[in-house]
Amino acid sequence: MKKLSARRRHPLAAFVVLLLALAATGGLYTAFAPADKAQAEETAQSLAIEEGKKLYAVGCSSCHGTGGQGSSDGPSLVGVGSAAVDFQVGTGRMPLQQPGAQAPRKKVIYTQAEIDQMAAYIASLGAGPTTPTAKQYSPEGADIANGGTLFRNNCAQCHNFTGEGGALTNGKYAPDLTDVSPKHIYEAMQTGPQNMPSFPDTVLPEQEKKDVVAYLQTVNSDKSENPGGLKLGGIGPVAEGLFAWIFGLGTLIAVAIWVAARTAKAKKS
Amino acid sequence: MSSQENSEENLPTKQDSAHGAVAVADNPFADPGLPPHEARQQDLDDRTAKRSERTVALLFTVSMLATIGFIACFVIFPIEKIVYIWPIGKVSALNFSLGLTLAVALFCIGAGAVHWARTLMSDVEIADDRHPISAEPEVKAKVLNDFKQGAEDSVLGRRKLIRNTMFGALAMVPLSGIVLLRDLGPLPEDKLRHTLWGKGKALVNMNTGEPLRPEDIAVGSLTFAKPEGLEEHDHGFMNEIAKAALMIVRLQPEDIKDKRELDWSHEGIVAFSKICTHVGCPISLYEQQTHHALCPCHQSTFDLSDGARVIFGPAGHALPQLHIGVNDEGYLEALGDFDEPVGPAFWERG
Numbered sequence: 001m002k003k004l005s006a007r008r009r010h011p012l013a014a015f016v017v018l019l020l021a022l023a024a025t026g027g028l029y030t031a032f033a034p035a036d037k038a039q040a041e042e043t044a045q046s047l048a049i050e051e052g053k054k055l056y057a058v059g060c061s062s063c064h065g066t067g068g069q070g071s072s073d074g075p076s077l078v079g080v081g082s083a084a085v086d087f088q089v090g091t092g093r094m095p096l097q098q099p100g101a102q103a104p105r106k107k108v109i110y111t112q113a114e115i116d117q118m119a120a121y122i123a124s125l126g127a128g129p130t131t132p133t134a135k136q137y138s139p140e141g142a143d144i145a146n147g148g149t150l151f152r153n154n155c156a157q158c159h160n161f162t163g164e165g166g167a168l169t170n171g172k173y174a175p176d177l178t179d180v181s182p183k184h185i186y187e188a189m190q191t192g193p194q195n196m197p198s199f200p201d202t203v204l205p206e207q208e209k210k211d212v213v214a215y216l217q218t219v220n221s222d223k224s225e226n227p228g229g230l231k232l233g234g235i236g237p238v239a240e241g242l243f244a245w246i247f248g249l250g251t252l253i254a255v256a257i258w259v260a261a262r263t264a265k266a267k268k269s
Numbered sequence: 001m002s003s004q005e006n007s008e009e010n011l012p013t014k015q016d017s018a019h020g021a022v023a024v025a026d027n028p029f030a031d032p033g034l035p036p037h038e039a040r041q042q043d044l045d046d047r048t049a050k051r052s053e054r055t056v057a058l059l060f061t062v063s064m065l066a067t068i069g070f071i072a073c074f075v076i077f078p079i080e081k082i083v084y085i086w087p088i089g090k091v092s093a094l095n096f097s098l099g100l101t102l103a104v105a106l107f108c109i110g111a112g113a114v115h116w117a118r119t120l121m122s123d124v125e126i127a128d129d130r131h132p133i134s135a136e137p138e139v140k141a142k143v144l145n146d147f148k149q150g151a152e153d154s155v156l157g158r159r160k161l162i163r164n165t166m167f168g169a170l171a172m173v174p175l176s177g178i179v180l181l182r183d184l185g186p187l188p189e190d191k192l193r194h195t196l197w198g199k200g201k202a203l204v205n206m207n208t209g210e211p212l213r214p215e216d217i218a219v220g221s222l223t224f225a226k227p228e229g230l231e232e233h234d235h236g237f238m239n240e241i242a243k244a245a246l247m248i249v250r251l252q253p254e255d256i257k258d259k260r261e262l263d264w265s266h267e268g269i270v271a272f273s274k275i276c277t278h279v280g281c282p283i284s285l286y287e288q289q290t291h292h293a294l295c296p297c298h299q300s301t302f303d304l305s306d307g308a309r310v311i312f313g314p315a316g317h318a319l320p321q322l323h324i325g326v327n328d329e330g331y332l333e334a335l336g337d338f339d340e341p342v343g344p345a346f347w348e349r350g
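Protein chains in written order, with the UniProt record's numbering: chain A, 1 to 269; chain B, 1 to 350.
For the record, the hints were derived by calculation from the structure and aren't laboratory data. Glycine included, every Cβ here is placed at the ideal spot set by N, Cα and C. Fair warning: there could be bad hints in the mix.
A short list of chain A residues far from chain B (calculated; beta carbon distances all over 10 Å) [to be verified]:
(1) 20
(2) 50
(3) 71
(4) 143
(5) 208
(6) 243
Okay, the calculated bits of chain A under chain B, using three or more residues with CB under 8 Å as the criterion [to be verified]:
(7) 84 to 98
(8) 128 to 140
(9) 164 to 171
(10) 224 to 236
Below, in silico cross-link-like pairs of lysine-lysine (DSS-like), each with a Cα-Cα straight-line distance of 30 Å or less [to be verified]:
(11) 160/B - 148/B
(12) 81/B - 223/A
(13) 90/B - 106/A
(14) 172/A - 231/A
(15) 135/A - 267/A
(16) 50/B - 267/A
(17) 90/B - 135/A
(18) 231/A - 90/B
(19) 142/B - 160/B
(20) 106/A - 172/A
(21) 160/B - 172/A
(22) 90/B - 183/A
(23) 107/A - 90/B
Start from the sequences and build out the full structure, keeping to the hints where you can.
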């Protein structure tokens, strides 16, 4: 008894009790939640819209207006669709850190669940491109060669032949597509974020978008193979030539200097 | 004449015949001569020389082995085999091994030769005096005399007719070479002024190969089109698309500032030549918010909401616009060819 009572007064006891209580609450919730599933499904959409509206009011409304109507600081979001929200917030571009030439990709501050709720709210304001499903953007069943042709026709002028990105006017730029997830590439084509033109399904059908995504996955991801060896940034022959001139010729000159600087004489001077 | 008087002083003092006897004379600018030759360890010690010989031989042997390795790699590795090599990444095993073995083979030949030259070849300094290169006066006089005699013997000075016709013949001969240049190709005639576009030609989507409808093209989207009937495997496709390439964007009609651009558009859909008017790069870096199209070659920037006016860069004139409309079946069609030559300016463009 003595030992037990001593333990009861242990300073960590309160935390243990709290943890148990939390676990019990969570367990009970998961145990009872399925009972409400049928009802939840019916109201899930409206609930997501409600939640999304709250998140929107806190995080977005100062620029995009209280009802998504836009203001002098941000464009209207009526009709941009859930895909635009999933892209902009899912890549960290929104919420905007500061005004400038272009919203850069940065750390994502919302969870995917929160992004989905905001997307549901924005989608409820007006019809627009919807967030693609995994089946739409997965590279399975894609024609990679055709994707390459389409990429060079439609995208390479700004994003470079293998999606390394490039400069535009007045500080704007086409971002590097190296680590961009297939979903976000698909959404960017659908919605045309910021100054990028959009490529709606009417001019670039779903299957062709899939081909483009598959092409990028093949040439510009950590899985991509590079038979020629070092890519040197993949920005073209000028960069490669400059590398050869500076480092190739530089090494030769350094070796020549080293050879000539070392005397072969027996008596070192 | 003072320079001649001083000439004796300006000459270097007579060089001491023995190498290394540095003359520390009154003249601080005297030629010190060559420093004494210093021997290398290899010259003094035969064992060191032998070691150098073995090093050179080893380098040459490594080169031989690398060449054998090159041939072996060529035989062993299939062309599609990919391996991961830090820090390069996933590379073709064949490319990598061939490059590596060839580099070793060539490097070892070079390194062996350098080591050989530095340690074993004779390194005794040799001085070779410079000699005057002008000919003797008698020889000069004889040559000039011979030339004069030859010119006289040829009677060129007296027979003016021969001289003049010879000059004429020599001057005319190069003309045949110039005439041959005409065979470089057919004259362009009016090819630079016309494209495949014409009245009633439907605008075909480059991506799908289907004719475009106005409702396909959303505001802010970018589409590329080719004229109906032009297929990628057609003979001369490249020549034709190089002139006919078209970019189609849709603006809000109220955003279009240029009157003619608005007249030639259809519900805000405008079609411009994709060929830059500076030196003909394909220009389609379109910014959908500013409506600017940027040329990647020399940064010429065109405002597609204002008649594709040049707002920056070296381009000389606006992008030609294609007058478009809708045909009976609801497809977009051209209402004529471009009214001016597309692409860069040329002399006769006017």
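Evaluated hints:
1. 20: 48 Å, holds
2. 50: Residue 50/A clear of chain B: closest Cβ-Cβ about 30 Å, beyond 10 Å.
3. 71: Nearest chain B Cβ is 16 Å from residue 71/A, so the label holds.
4. 143: 13 Å, holds
5. 208: 6 Å, violated
6. 243: With a cut-off of 10 Å, residue 243/A remains clear of chain B, as the shortest Cβ separation is near 14 Å.
7. 84 to 98: violated (count 0)
8. 128 to 140: Contact hint for the segment 128 to 140 of chain A vs chain B: violated, 0 residues under 8 Å.
9. 164 to 171: Answer holds; 3 residues pass the 8 Å Cβ test.
10. 224 to 236: holds (count 8)
11. 160/B - 148/B: 17 Å, holds
12. 81/B - 223/A: 15 Å, holds
13. 90/B - 106/A: Roughly 28 Å between the alpha carbons, so the hint for residue 90/B and residue 106/A holds.
14. 172/A - 231/A: 25 Å, holds
15. 135/A - 267/A: 77 Å, violated
16. 50/B - 267/A: 19 Å, holds
17. 90/B - 135/A: 28 Å, holds
18. 231/A - 90/B: 10 Å, holds
19. 142/B - 160/B: Holds, because 27 Å separates the two Cα atoms, which is no more than 30 Å.
20. 106/A - 172/A: 16 Å, holds
21. 160/B - 172/A: Status violated; Cα separation ~75 Å.
22. 90/B - 183/A: Roughly 25 Å between the alpha carbons, so the hint for residue 90/B and residue 183/A holds.
23. 107/A - 90/B: 29 Å, holds
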